[in-house]
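Chains V and E are the protein sequences, given in the same order. Each residue of the first sequence is one higher than the one before, counting from 1 in the numbering used here. Each residue of the second sequence is one higher than the one before, counting from 1 in the numbering used here.
For the record, the hints were derived by calculation from the structure and aren't laboratory data. Glycine is no exception: its CB is placed at the ideal position from the N, C-alpha and C atoms. Warning: the hint list may mix true and false statements.
Derived DEER-like restraints, expressed as beta-carbon distance ranges [said to hold, decoys possible]: (1) PRO11(E) x GLU283(V): 33 to 43 Å; (2) ASP75(V) x GLU109(E): 24 to 34 Å; (3) LEU10(E) x GLU216(V): 43 to 53 Å; (4) PRO210(V) x GLY70(E): 46 to 56 Å; (5) ASN201(V) x HIS123(E): 36 to 46 Å; (6) ARG275(V) x LEU149(E): 36 to 46 Å.
List of simulated lysine-lysine pairs, BS3-like, C-alpha gap at most 27 Å [stated by the list, open to error]: (7) LYS89(V) x LYS197(V); (8) LYS13(V) x LYS287(V); (9) LYS256(V) x LYS224(V); (10) LYS187(V) x LYS13(V); (11) LYS287(V) x LYS148(E); (12) LYS51(V) x LYS13(V); (13) LYS14(E) x LYS13(V); (14) LYS316(V) x LYS53(E); (15) LYS186(V) x LYS197(V); (16) LYS287(V) x LYS53(E); (17) LYS287(V) x LYS89(V); (18) LYS186(V) x LYS51(V).
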Amino acid sequence: MDRTPLTSTWLTKHELRTPRVILDAFQDYWNAERVPRLERVVFRNDLTKQKALDLCLSTEGNVDIVTNVPPNQADRVQSSSFADLVRVKGNEIIAGVFNRFNIDVDFDSRQLRLAINLAVNRVKLVSEGFNGYADIVPALTPPWAFDFPEGLEAIPHLPEEARRLFPESAWPKGRPLVLATTTDYKKMTYLIADDLKKALNIEVNVFIIPDNQRIEWMTILAEKKLTPNWDILITSASALFLEGTPAFFHREFFGKDGALRASAIPPEFSRLYTRMTAQTEREQLLKAAEDIDRYVYNEVLALFLVSPESLYAVNKQVDFEPYRTTLEFAETSVTNQHWSRM
Amino acid sequence: MDSKNDTSNLPAPKGMIYVYDPSPLNWLYVLFNSMEELVRADPLGRVIPNLAKKANWVNDLTLELPLQKGVVFQDGGPFTARTVQNSFNQLHQWAAPHPPGTWLNLPEETTLETVDNYTVRFHFPYPSGLAKAKLRAVHMANNLFFNKLGFGYVTQGSGEGHW
Chain V
1 MDRTPLTSTW LTKHELRTPR VILDAFQDYW NAERVPRLER VVFRNDLTKQ
51 KALDLCLSTE GNVDIVTNVP PNQADRVQSS SFADLVRVKG NEIIAGVFNR
101 FNIDVDFDSR QLRLAINLAV NRVKLVSEGF NGYADIVPAL TPPWAFDFPE
151 GLEAIPHLPE EARRLFPESA WPKGRPLVLA TTTDYKKMTY LIADDLKKAL
201 NIEVNVFIIP DNQRIEWMTI LAEKKLTPNW DILITSASAL FLEGTPAFFH
251 REFFGKDGAL RASAIPPEFS RLYTRMTAQT EREQLLKAAE DIDRYVYNEV
301 LALFLVSPES LYAVNKQVDF EPYRTTLEFA ETSVTNQHWS RM
Chain E
1 MDSKNDTSNL PAPKGMIYVY DPSPLNWLYV LFNSMEELVR ADPLGRVIPN
51 LAKKANWVND LTLELPLQKG VVFQDGGPFT ARTVQNSFNQ LHQWAAPHPP
101 GTWLNLPEET TLETVDNYTV RFHFPYPSGL AKAKLRAVHM ANNLFFNKLG
151 FGYVTQGSGE GHW
């Protein structure tokens, strides 16, 4: 392995988890504000997603917290007499990558990228794709990040304007547009395809990358040796912090070591990103980060979409305070009525 | 030990929970619940000091971090500047030690100076505004950890491409 940018990201080929991972409280922990309130936390890896949720919603003493609850299961959680739904603004951004390596479609055309953005009904994406458990994000920085550029508004759904702007010169007559995604975003991708068909009057094909081929498809994109055969990839990136946000999102989509980049590196992006990374004063760094999001938005460099909420099913006797960018249990406690204390 | 970190009068932990976490980042969450770094994220996603009391830029190339005193590992060994030096050295030897990407690496030419037992200074080759955030990926561990596991490289022979 060397230090060249395109060795930048590990792609998980397979994951081996022990059936259970047991974390015991450290009695001599130093930080009074974060002294563990629980004696033990056990990650269970011996269940399917469905079984884990079923156990959490209908039993005591088997599963207390389920993370990554699908939006279509949220109503089930809310009607459970054993668990509550806990929701928090997320740290994941879903967006469409324009494949600017394609030679027969001119995704270098800002007008084409804007037309595609105007064609998508994001309100419907949130309501139908995520049952309401997602937020529209104007570009790639979510409004709850500390470097969100105030005043930036999501591109509206204007299908007639999209049709008017759609540059015939940039799109070969009769050529279908290929939307690709992984199984995670299948439902929203079909909604997007429907919007594009109606607004732009073109054929749209959806390719769902099979789970067992995911690694190969994402490797092609990360390595950039081959040209992917899709036009727009619906995918996501996540953040460890909600400041310096472009390091997590914008860099991944447009930066030199961006695993999701499907274009040459935009020179202005490089300039702005370099400027941001040189700021050692926090306020200046946040301001430089805002400029990056504004630039990406003004240039319509991606198909801007949504950020899903993080949803948890949590046993009613568990007091769980979610973090936006991580999963930690230092502040989590249980009541006297919890099964482990009865 | 700083007085605000006095945990002697706090109630003992009680109860246990089972968690099902299908996230592909579960490996990282296990780590964040069992290891610590000089900084961490607060619930809203801000970068805040943790094992460092604060992080001050002395100039554009030098980041000084006074460390928490009275911190011990699970085996009773102390957390000191030497721990930071050793943990930095262990991670810094690999080209791509972080699954999220090499962008989390501190610049290759970065050096660490031990000012005293509880103060360290990172010296960067160029202004590195993301350095504080990147310190979230420099996990502090004791000799026992690095001698037995070392993020897998004691048994795997490499700190890259696996966990």
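Verification of the supplied hints:
Restraint check, PRO11(E) to GLU283(V): a C-beta distance of roughly 39 Å satisfies the suggested window 33 to 43 Å. A C-beta distance of roughly 54 Å is found between ASP75(V) and GLU109(E), which places it outside the suggested range of 24 to 34 Å. Range check, LEU10(E) to GLU216(V): Cβ separation about 51 Å, and the 43 to 53 Å hint holds. PRO210(V) and GLY70(E) have their C-beta atoms about 53 Å apart, which keeps the hinted 46 to 56 Å range intact.
For the pair ASN201(V) and HIS123(E), the beta carbons lie near 60 Å from each other, so the given range of 36 to 46 Å is not met. Evaluation of the 36 to 46 Å hint for ARG275(V) and LEU149(E) yields a pass: the beta carbon distance comes to about 39 Å. Among the hinted pairs, LYS89(V) with LYS197(V) is inconsistent with the structure: their alpha-carbon atoms are about 31 Å apart, more than 27 Å. Restraint check for LYS13(V) and LYS287(V): not satisfied, since their Cα atoms lie roughly 38 Å apart, outside the 27 Å limit.
For the proposed pair LYS256(V) and LYS224(V), the alpha carbon gap of about 11 Å is at most 27 Å, so the pair holds. Of the pairs offered as hints, the one joining LYS187(V) and LYS13(V) holds, with about 25 Å between alpha carbons and a cut-off of 27 Å not exceeded. For the proposed pair LYS287(V) and LYS148(E), the alpha carbon gap of about 44 Å is over 27 Å, so the pair is violated. Taking the CA atoms of LYS51(V) and LYS13(V), the gap is near 24 Å; set against the 27 Å cutoff, the hint holds.
Using a Cα cut-off of 27 Å, the hinted pair LYS14(E) and LYS13(V) is violated, with the two alpha carbons roughly 38 Å apart. At roughly 36 Å between alpha-carbon atoms, LYS316(V) and LYS53(E) are farther apart than 27 Å, so this suggested pair is violated. The suggested pairing of LYS186(V) with LYS197(V) holds, with an alpha-carbon distance near 17 Å, which does not exceed 27 Å. At most 27 Å may separate the alpha-carbon atoms for a hinted pair to count; LYS287(V) and LYS53(E) meet this at roughly 25 Å.
Distance check on the hinted pair: LYS287(V) and LYS89(V) sit about 22 Å apart at the alpha-carbon level, within 27 Å; holds. As the CA atoms of LYS186(V) and LYS51(V) are separated by approximately 22 Å, the hinted pair is consistent with the 27 Å bound.
Violated hints, in rising order: 2, 5, 7, 8, 11, 13, 14; the structure is consistent with all others.
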